[in-house]
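Please put together the full structure from these sequences, using the hints given.
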Amino acid sequence: MGRRHPGGGDGGTADLLVREGQVVALGAEATDADADLTLDCSGAVVAPGLVDLHTHLRQPGKEEAETIETGARAAALGGYTAVLAMPNTTPAIDSAEVVREVLELGRDAPCAVHTSGAITIDRAGETLAPMAEMAQLGVTLFTDDGTGVQDDALMRRALEYAGGLGVILAQHCEVTSLSQGTCMHEGATSARLGLPGQPAEAEELMVMRDIALSRLTGTPVHFLHLSTARSVELVRAAKAAGQAVTAEAAPHHFTLTDEACGGYSPLFKVHPPLRTADDVAAVKAGLADGTIDAIATDHAPHTLDSKELPFDQAPPGMLGLEYALALALTELELPLDRVIELLSLRPATIARMPEQGRPVAVGSRPTCA
Amino acid sequence: MVSCFFEDSTRTRLSFEAAARRLSADVMGFSAGSSSMSKGESVRDTIETIDAMRVDAYVVRHRSAGVPHQISRWTEASVVNAGDGQHGHPTQALLDTYTLTRRLDTTSLEGVGVVMVGDIRHSRVARSKIAAMVALGAEVTLVAPPTLLPPAVGTFPVRVVHDLDAAMADADVVYVLRIQRERMAEALIPTLREYTSTYGLTARRLALLPANAHIMHPGPMVQGLEISPEAADDPRSLITAQVAAGVPTRMAVLFWALAANPTAPPEADATLEPAATTTSEELP
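Residue numbers (the working numbering), protein chains in the order written: chain A, 1 to 369; chain B, 370 to 653.
What the hints contain is simulated information worked out from the structure, not anything from laboratory work.
Ideal Cβ placement from N, Cα and C applies to all residues, glycine included.
Below, a sample of chain B positions facing chain A; criterion: calculated Cβ distance under 8 Å:
1. ARG413
2. HIS431
3. SER433
4. GLY454
5. GLN455
6. PRO520
7. ALA521
Shown next, in the form of structure tokens:
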């Protein structure tokens, strides 16, 4: 017996009977003396399973940091029933072959493993990747995450081409000519620490450009891990103007500021970097008013060794799958409904996962947390 | 004491090792080229290996900011920062401060006008030096093209101007920082010649400096670029005295870290005046 989340129906407390992967009964009828397993969920909430739009599973190529299996286990532990793998693996997920490999490796994982595909070959920003072939295997979201598509004309063509496939392009917004050689947010903290920083504008310029290119091409754009106050404002204005843009934010961007880098621990090195208290407040406001559609973890594991390198040499990335729900509940001051929308319903819609983010109701598959 | 010079340095390393020997410490050391770092060993492994030999202090130089800070998490020994990336070079700031307070025959720099000119942005010396000077009451003015100032310099407790001639007129100290040739390739300055004419301590500018003012430079100097030979050799120059202050200052730091009670804050005199009793170093 557990309290069903409103997204799952009336929101009341009820028993739930699952048989062969389907919810077959709710409430008084949900009894089966011969059940294989009975879970006591009193005091808990049964919600639609969480969906992560932004997971680095590191496989293929960096299995020492994470594998699809270990990443999916972390996800399941955090309440996720589906994750979307990012394509910055080695090789990059930029072809039907690699998509097949990732999906195959994720087939028996403890949560559904979907994958994104790269927009350009090897994420090098030069040649379009075969998006149609990947889309035929079920890929719905394409991104060069880890980097943004720098070339304006190429991004325009990518959007036009994607428009014909009915897929969504997602951008890691970072103008590399402004961010090259940097390892944190540029501001008072970076100046004090003597660490080269990237200005907020490195992100905002690309948000601005892609809003313009999305308008030009009519293809929707999804903004990955928004981290600055003005990025949030740009997306808010674009939505108000009726443009088909969506956005996500990562838990660390509504939880931590650049001052966390003060001890030079590379655990706090992440891209986009931790920003200022004003940016954190703006990301929270964006999540509260719906400007930002989803919370996505940007779960990006690395080996402990590599996170003990000097700050400027260590790879960027933080963990998130096991903490996102807890952080959302404790940091955002939003009602549970909204938190579930941000972590499950909206991301499932954006990534077009019809099996996910569903109400917990009779006939549904119990992808619940 | 182990000198861990992950980045090569001649003067600072020799100065620290001389200081340790004069305090009768055992000295070991390595520099980047000769260490197992070149075989791919991590900083942490290197430190843990040396730690097994039971050492009391590490003197660390690294090209990345924060490495001494990181090392302090992996050892119980004292860690002395001998320069980390563009972050800090605290013993340079201490020896500069020592040089200046000795010359001015004071322990406070209340009201002393320090003009710092050059590549502040990339200078670990500047960051430590500003902190030390401001702590002792000096009024610090930074002079540099905006491209060579740190971002958010407005949050520093300093004044910023771009006209060196005007700043010179009421300076008590002109502190000149090195300019590196790479800065031109990074488009931070158009040409070195233009830099020298606008921000160099040229022979012409020397005439603008008050007679009782002082000239300082942390070295190594590029004479003819940021400082003219005339300025370096001017009677108002403390540059040689700065070098001489290196050993006693570092003796004081090591003595405080290893022999005094390092958990108690040092008394001002212990930091500023140790040379009087522990060394015969000739100081001007």
